[in-house]
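Once you have looked at the hints, place chain V on chain B.
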Amino acid sequence: MSTLQRTWTRALRGALAVALLAPAAATAQDIAIRNATILTVSDGTIAGGTVVVRGGRITAVGRDVAIPAGIRVIDGTGMYVMPGIIDAHSHMAIEGGINEGSESVTPEVIVPVRDDDQTIYRALAGGVTSALLLHGSANTIGGQGAVIKMRWGQPADSLHFEGAHRIVKFALGENVTRASSTAPASERRFPMSRMGVEQTLRWWFSQGQEYDREWSEHRARVQRGDRTAIEPRRDLRLEALADIMRGDIKVHAHSYRGDEILMLMRVAEDFGFRINTFQHVLEGYKVADEIAQHGAMASTFAEMWGYKVEAADAIPYNMAIMADRGVVVSVNSDSGERVRRLYQEAAIGMKYGNMSETEALKMITLNPARQLGVDDQVGTIEVGKEADIAIFNAHPFAPEARVEMTLVDGKVYFDRNQAMTLRKLLDMLRGITTTEAS
Amino acid sequence: MRGALRLVLALCALPAVLHAQAQPGVEGTFVIRGATVWTGTGQTLQNANVVIRNGRIEAVGPNANAAGATEIDGRGKFVYPGMIDSYTPLGLAEIGGIATMNLRSEMGEYNPHMRAVVALNVDSDMIAITRANGVTSAITAPSGGIIGGQAALINMAGWTWEDMAVHPSAAYVLNLPRQPGGGGPGGGGGGGGGGGAAAQARERVEQQLRELRSVLTTAREYDRARAAGAAQSDLMYEALRPLVRSEVPALVSADTEEQIRSAITFGEDLGIRIIILGGREAWKVRDVLARTNTPVVLGSIQSTPSGDAPYDAIYAQPGVLHEAGVKFAFSTGGASGARHVPYHAALAVAYGLPKDVAMRALTVWPAEIFGAAAQIGTIEAGKLANVFVTTGDPLDIRSQVTEVFIKGRRVPLDDRHTRLYEKYNSRPKAGGGER
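If you read the sequences in order, they're chains B and V.
Numbering follows my numbering, in which position 208 of the first sequence is assigned residue number 208; successive positions increment by one, without gaps.
Numbering follows my numbering, in which position 286 of the second sequence is assigned residue number 724; successive positions increment by one, without gaps.
Extracted from the complex, chain B is given alone in its bound form (with noise of 0.2 Å):
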């Protein structure tokens, strides 16, 4: 390693070291921000107005607002107020592999979490202040997900979400039927069509039916005193199948295709539940009509196509057609570098199909939160919501739009001040001898 090489990696090992460092300062402090354009989601836009939180949330809102004495103050004068980011499709902070590929159905597993991605620290530095984390696409049922908080520096125990969803991911389509797969037919796995896709859910959730059936009918005999009842034999597979046409487990559906959408939408209702939010639905604008009427939400991707066949109609006018017929929308990253500007997703909204700016900022705010489950909780400025909150140096959809701030549950947990850039980076090292070999 030469000389030169040894001194960056010098200096960005520090660099690491104290953007590590930062995090672990968070503290539960009050704060007031003053003088700031805020963009409620819920309620309009406040010019010069001030937000107040104390004990992690948001106790006031508005233009007069009195700001307690001895809280620290963060002076807002053009900057933007926006809720935190809520990315509905993630990957990152999951332990080891994120599919249980083995089976086509596995809803009894569920992803572990980890605290030392880097990514969520990224995702910080980039507004976001909770994602639902989820099982890979590999599985028409695949696992169940996390809804974690970006709480940068704690332990992976203290990053769910108290209060959000169970969801578990169902995936349809091309990557289930591992259609790019070049293996005979004999050495792979059902279901390799559409079809076959469809027949699975249906065995899989009647298996589930009948599990259920078996247990009520076991759980009347003991009420009545039955004592020859002999319980069932306990399934964490079908136990899942049966919390998931209970609604007590939601389902979130990679999907891509009209027509496997609608198809997901008809077995759900025949089994007697609803389908919660799809995932990428890229084709939903081509059924908007139906995926409103059953109940279903979408979590989709702004400007993503043409990268596999099933892909081929997608198109950025997706979140506007489906939010003008009735679908909640939001738009999420499934992708480690998306997360940091989702800000710039939901403004394509805007671009293409005229939504308004109100709804292009709920597809990653109070949109995400419905779909996760917290919208009770976070995704709008709001007396009494927990504060999670991002804050820019200009309008979030505004081309020099960048991140100052975010915190959440009232904490700052990034700050650029504080933060490693690049340009501090050059500054500290223009104060490092170098022997540049040129």
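In case anyone wonders, no lab produced these hints; they're calculated from the structure.
Treat each hint with caution, since some may be false.
[To be verified] Taking lysine to aspartate or glutamate pairs in the EDC-like style, the calculated list, with each CA pair at most 16 Å apart, reads: (1) Lys308/B / Glu532/V; (2) Lys424/B / Asp746/V; (3) Lys793/V / Glu400/B; (4) Lys765/V / Asp794/V; (5) Lys765/V / Asp725/V; (6) Lys793/V / Asp746/V; (7) Lys861/V / Asp313/B; (8) Lys411/B / Asp30/B; (9) Lys861/V / Asp289/B; (10) Lys867/V / Asp289/B; (11) Lys424/B / Glu761/V; (12) Lys793/V / Glu761/V; (13) Lys861/V / Asp324/B; (14) Lys867/V / Asp324/B; (15) Lys793/V / Asp831/V.
Chain V alone, transformed into the frame defined by chain B:
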């Protein structure tokens, strides 16, 4: 009267013609009137007109005019030179995952004679979608091998690839053999006492480098011999002549500091012009890049920094490079995302790059880097009329592109996406499906 009737009928048919699939555009004489014109020369003209005739920009200014021209109301709007995505597979690649739709690389290591320009799908959906947002040109490049072929600078509209080509041979794609562990050629990087396999790998890379140097040296000798009429034609060496004469540069993939330094040194040693492609860590060697006048085609700004780097390294880098005097261009690296290359530039603006410089890196700088500055890149009389009209800042996602001109043709803005939008947006709203 028959002639007049026919003219009227033809004019009535015009909208239908405009909406035909992937039309390269309607020819004519046009005046965009009363707009704010960002020329790319350092001047922004207020309340100015742009006259387009015979494929070229005829005049620019508050008094520019043309009798009988088709009028385009530019009041309250902005005119910019068409933007350029400086590294894509546009026209070569379609839907991902389908091998037959992605014939982008040839077998073998030395393919300087493979020309992307002859293998373009003129009616690619991706091309029409790209131009609808004001991205009027792109570098499209073959991949693979050590010398993958010749990248072309093409317009996003044309009847044939000949019609689309601005510079059929804009740069060679050169992938320098690399040591495993991220180092550059010549033994830098991750080395350390490896076992047999590691040593074998290193030796193989060294051997490839010797071979590459030999090929280029032979190419130079071939060039001289051919010039003196003393050698028989060889397709591969013939194709290398512009490279060894420094007429056409090589696009060299290099991301780490070692790789970039090695690429620059290699270019100096072999007497060829180098453009760095990727440049993820260019900030570490910005002084060397500036001093050697080595331009950089930046990889996608919508990327994550490597390992230890500051969280905003990729976003802040363009601003840092600009301050050091490095010339660069933006690229998305793909076909389906090329239309949004200005939003890559917007991220750089948010983290310190001046807007004006960002626009230059999308227009005049890539034109200069690829030797096409006489043709495109600015709004100046005499250049090809590659311009677009927008309701606001092109870096602002909320802006709408209202007109696009490529080679002076008014290009239709409908594409696969607008057609699907129109179809499903006009579905009668009902209570829902039948059940």
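Evaluation of the provided hints:
{"no.": "1", "hint": "Lys308/B / Glu532/V", "result": "holds (9 Å)"}
{"no.": "2", "hint": "Lys424/B / Asp746/V", "result": "holds (14 Å)"}
{"no.": "3", "hint": "Lys793/V / Glu400/B", "result": "holds (9 Å)"}
{"no.": "4", "hint": "Lys765/V / Asp794/V", "result": "holds (14 Å)"}
{"no.": "5", "hint": "Lys765/V / Asp725/V", "result": "holds (12 Å)"}
{"no.": "6", "hint": "Lys793/V / Asp746/V", "result": "violated (28 Å)"}
{"no.": "7", "hint": "Lys861/V / Asp313/B", "result": "holds (12 Å)"}
{"no.": "8", "hint": "Lys411/B / Asp30/B", "result": "holds (8 Å)"}
{"no.": "9", "hint": "Lys861/V / Asp289/B", "result": "holds (14 Å)"}
{"no.": "10", "hint": "Lys867/V / Asp289/B", "result": "holds (7 Å)"}
{"no.": "11", "hint": "Lys424/B / Glu761/V", "result": "holds (15 Å)"}
{"no.": "12", "hint": "Lys793/V / Glu761/V", "result": "holds (14 Å)"}
{"no.": "13", "hint": "Lys861/V / Asp324/B", "result": "holds (15 Å)"}
{"no.": "14", "hint": "Lys867/V / Asp324/B", "result": "holds (10 Å)"}
{"no.": "15", "hint": "Lys793/V / Asp831/V", "result": "holds (10 Å)"}
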